[in-house]
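Read the sequence shown against numbering that gives the first Met the number 0 and you will find it ends at 320, with the numbers running on by one and no gaps.
Any given hint could turn out to be false.
Here are the simulated distance ranges between beta carbons [stated by the list, open to error]:
| hint | residue 1 | residue 2 | range |
| --- | --- | --- | --- |
| 1 | N194 | E153 | 32 to 40 Å |
| 2 | Y22 | E164 | 53 to 61 Å |
| 3 | F116 | S83 | 20 to 28 Å |
| 4 | G183 | P132 | 20 to 28 Å |
| 5 | G183 | D84 | 34 to 42 Å |
| 6 | D60 | A156 | 37 to 45 Å |
| 7 | T102 | G222 | 55 to 63 Å |
The calculated lysine-lysine pairs, modelled on BS3-like cross-linking and capped at a C-alpha distance of 25 Å, are [as the list claims (entries may be wrong)]:
| hint | residue 1 | residue 2 |
| --- | --- | --- |
| 8 | K93 | K149 |
| 9 | K93 | K37 |
| 10 | K97 | K138 |
| 11 | K37 | K97 |
| 12 | K37 | K149 |
| 13 | K149 | K202 |
| 14 | K138 | K202 |
Treat the hints as calculated values from the structure; they're not laboratory data. Ideal Cβ positions, reconstructed from N, Cα and C, are used throughout, including at glycine.
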Amino acid sequence: MYDETTYRTTLPTYTPPPWIEPYVDPTTPRNVTALMGKTAYLNCRVINLGNKTVSWIRHRDSHILTVGTYTYTSDLRFQALHFSDIGDWTLQIKWVQKRDAGTYECQISTQPARSYFIHLNIVVPTASIYGGPDLYVDKGSTINLTCTVKFCLEPPAYVFWYHHEELINYDSTRGGVSVVTEKGDITTSYLLLQNADLADSGKYSCAPSNAEMTSIRVHVLSGEHPEAMQTGSSGNQHSWLTIIILITHILFCKQHSMSCIKTAKQRNDAHPTMAKQQIYQRSTTATTATTATELTEGFKTAELLNYPPGCCVLHRERILC
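Build the full structure now, drawing on both the sequences and the hints.
See the structure below:
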């Protein structure tokens with residue numbers, strides 16, 4: 000009979016051979032994209048580092064940024080973060096600028112040194128208006144301006160429209176002005192002006208809260224037909240397609256009995272002549288309407304309006320749902 004205390008089985012443990020050099024996990028991403036002004040993280044996962052060190056080097060000028068967890072640059076935006084449990088050595092760059100774009104080297108202090116190169120791309124939120132820089136329309140037709148906002152970590156809080164550098168006033172006697180903003184990875188804002196007149200000519204600007212303003216110049220013509228005319232064959236297809244989409248949204252909302260509550264507004268006596276602009280924006284969860292008091296100052300928001308998901312159009316003080 001065997002003595003179990005003598006013949007107890009022991010499971011072997013794995014120890015890497017001493018001649019295996021440290022290396023970077025080949026699945027580590029070689030391209031990283033960051034939004035300008037935000038924080039970028041360049042990760043380098045090192046396997047079997049042992050007593051070696053990891054350094055981060057900016058490739059364009061061979062400047063050593065960090066060695067281990069120590070920073071070797073006067074630019075305090077750079078910092079090395081180490082997560083020992085998974086072997087990650089991450090270069091953190093705060094408030095990234097365009098000049099930070101380029102290649103960075105994760106270097107292991109072997110002989111010879113082993114390097115892994117990661118490229119950092121910096122994107123800037125941009126807004127653009129379809130059909131620019133000049134758009135020609137017939138007098139009496141509908142002006143359709145479409146502004147898209149791209150490369151944002153989150154949708155803009157609002158999108159304002161300007162005509163001749165002035166915030167568009169939906170309470171003006173001109174009438175026939177509608178706007179719809181759809182939020183998402185790419186935010187799209189539509190500005191429609193019915194029954195275009197010569198006075199509607201001029202510069203129109205789309206101003207998202209998190210991107211640079213972009214502009215287009217609209218020319219309302221009577222009897223002339225330039226190639227860039229929006230009411231021509233190619234431009235008319237885009238214009239009418241957008242109008243059909245907006246009408247479909249409105250009919251869909253009406254069919255499902257979606258109701259809207261008007262936003263109460265209180266005029267500020269200190270600025271009785273200032274114009275107001277309401278923003279009605281659509282998201283995937285809920286739609287919020289609020290008065291842009293921070294820019295117009297002439298009116299104060301008395302109530303914040305939340306209504307079900309869908310599409311609502313502001314048209315001369317009325318919300319069409």
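Worksheet entry | Straight-line alpha-carbon gap K37 to K149, limit 25 Å | holds, 16 Å
Worksheet item: When you check the alpha-carbon spacing of K37 and K97, does it fall within 25 Å?
Response: holds, 11 Å
Item to complete: Would you check the hint for K97 and K138, treating anything up to 25 Å between C-alpha atoms as holding?
Response: violated, 44 Å
Worksheet item: Are the Cα positions of K93 and K37 separated by 25 Å at most?
Response: Between K93 and K37 the Cα gap is close to 6 Å, so the pair holds against 25 Å.
Worksheet item: Lying within 32 to 40 Å: is that true of the beta-carbon distance N194 to E153?
Response: holds, 36 Å
Item to complete: Go ahead and decide if the range 20 to 28 Å is satisfied by the Cβ distance of F116 to S83.
Response: Because 24 Å falls inside the window, the suggested range holds.
Discussion item. Against the 25 Å threshold, does the CA-CA distance of K149 and K202 hold or violate the hint?
Written reply: holds, 22 Å
Practice prompt. For the range 37 to 45 Å, tell me whether the beta carbons of D60 and A156 fit it or not.
Written response: Since the Cβ atoms of D60 and A156 sit about 38 Å apart, the hinted range of 37 to 45 Å holds.
Practice prompt. Kindly confirm whether 55 to 63 Å is satisfied by the beta carbon distance between T102 and G222.
Written response: holds, 58 Å
Worksheet item: Do the alpha carbons of K138 and K202 lie within 25 Å of each other, as the hint requires?
Response: Satisfied, since the Cα-Cα distance of roughly 17 Å is no more than 25 Å.
Worksheet item: Are G183 and P132 spaced within 20 to 28 Å by their CB atoms?
Response: Because 26 Å falls inside the window, the suggested range holds.
Item to complete: Below or equal to 25 Å on CA atoms is what counts here, so check K93 against K149.
Response: With a Cα-Cα distance of about 22 Å, the restraint between K93 and K149 holds, given a limit of 25 Å.
This entry does not satisfy hint 10, going by the numbered hints stated previously; all others are met.
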